[in-house]
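Sequence order for the protein chains is A and B.
Position 124 (the first sequence) corresponds to 124 in the UniProt record's numbering; numbering is contiguous.
Position 163 (the second sequence) corresponds to 163 in the UniProt record's numbering; numbering is contiguous.
A couple of the hints might just be wrong.
[Stated by the list, open to error] Covered by chain B, according to a simulated footprint, are these stretches of chain A (three or more residues, beta-carbon under 8 Å):
no.: 1; region: 80 to 86
no.: 2; region: 199 to 207
[What the hints assert, rightly or not] Cβ pair distances, simulated, as ranges:
no.: 3; chain 1: B; residue 1: K169; chain 2: A; residue 2: R60; range: 57 to 63 Å
no.: 4; chain 1: A; residue 1: A27; chain 2: B; residue 2: K169; range: 50 to 56 Å
no.: 5; chain 1: A; residue 1: A105; chain 2: B; residue 2: L266; range: 24 to 30 Å
[As the list claims (entries may be wrong)] To list a few chain A residues with every Cβ distance to chain B over 12 Å, as calculated:
no.: 6; residue: N13
no.: 7; residue: D20
no.: 8; residue: S37
no.: 9; residue: T58
no.: 10; residue: G95
no.: 11; residue: T97
no.: 12; residue: P125
no.: 13; residue: E127
no.: 14; residue: A160
no.: 15; residue: D196
None of these hints come from the bench; they were simulated from the model.
Quick reminder that beta carbons are idealized off the backbone N, C-alpha and C, glycines included.
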Amino acid sequence: MLELHAVSKSYANGTRALADISLSVDAGEILAIVGGSGCGKSTLLRLVAGLDVPTRGTIRVDGQAIASPHEAVGLVFQEPRLLPWLTVARNVGFGLTALPPAERAARVDAALARVGLADYGERWPRELSGGQAQRVALARALVTRPRVLLLDEPFSALDAFTRVDLQDHLLDLWADTRPTLVLVTHDVEEALVLADRVMVMRAHPGRIAGVMQLDTPRPRDRQSGTFDRAKRQLLADLGRANTWRPGEEAFPTAAI
Amino acid sequence: MSVSQTSDATDLGAPAAPAARPIPWRLLLGFVLPVGGALLWEAAVRGGLAEGRLMPPPSRILQTLAELASSGDLWLHIQATVARVVAGFALGVLAGTLLGALAGASGLARALLDPTLQGLRAIPSIAWVPLFILWLGIFEASKVALIAVGVAFPVYLGTLGAILSIDRKIIEVGRVFRLSGPALVRRIMLPAVLPHYVIALRSGLGLGWMFVVAAEFMGASEGLGYLLVDGQQLGKPAQIIAAIVVFAVLGKATDAILVALTTPLLRWQDVAVRS
């Protein structure tokens, strides 16, 4: 449903952020992308969101090429990025202006209730904690019912307790309409708790270093032996991907 | 369950307690220095410690104001000055905002306009006076033009600076929601520039009051600036100070009106100190 074909991204200064990424994500699948900083994982997400345009290659959602932001694709940023001059309810309804006011209000109320902030509609963003603000951002992205939801390290700025709380909550929300989720993270545990598949990336230029399939049903026990083994293996994969030095590979087009 | 509603946020949104509010006292505090100073000076003159001829005591200034008010002259002068400030401010805001928006919206326009405008801004505005008098005559038009020039530059700078400082991250939110150009301007850029713009308007208004005096010095038969010149030429210090007091009151009052008009639009701001 989400297809990337030979996607590359170079910047004007010659930096190759992404090289030859091909990837297919099924409808309703949860894909986590992990990798060290500078591996291009956020760039990849921005391309899928249509905020940037790939230098080469194509990105399709349900067969439609993505070159600019698409109504079927939602995005949650690392920071909440709420608009400070709008109340919480108006922030959530920001993408719903095409709907009649009554329906918009109903959708906004339902979304706020769904993220546990039913009474917060008339508050200003400045009055929210970091976790609450990020939940509002989740509600804002989900209220338009996107078929693909992209999340760019959405919980990385939160404390450990709030992060675990929101990870569980995200699964809960995902179960409502089961959109395709693509989650960029540098938190290995987060990837293993949430994803069906974890894609490891390495840098210079950003490319896929490996993919790990996770078959354990959710919700997953963070304490179990299986989880621990998967975590150790993913950390080892990441370590290998991170120590990969540029120039080690003579033929950058070699298949992975 | 994950959806706890622990309210770890600050409670600013809760309705303020209806208990006695300390605000009136705070407002009165602002009167302590001017009123206290006036009383001290009055006492010094009455007590014979100071002569009070060149710096008349407050009672004489109030008396002068009362005389001017009862003869109707005061209102005539205030009306003339306020009309000039309003007209000059309106024109200056219009020009400054349009130019600022243009330069902020397009890099090309900025490259074209900004160097010239910065060059013009560097000219002391009083230097325009002879030219404006030659071009526009000695009556209202040249005065209003001078005030407009004084107002336009801070408004231009403020508008341009506000536009250039809009956070890219918040623009991206608009892009993700596929806002069209006009919608992006209306729903994201306008609210984002508003706090800076209000400050630009306030500094523009302050300069408007400054330049109205300069404009009225260059020959006026009415206006508060005329009262100043008249007081100097006829040796009436009480009249000069009375006019200065009226300037202070009018300047503060118009600024307060501007603040009161814009405060409801800026309630959302996350500021450290609320006035």
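Query raised in the report: Which hint numbers doesn't this structure obey?
Result: 2, 3, 4, 10, 11, 12, 13
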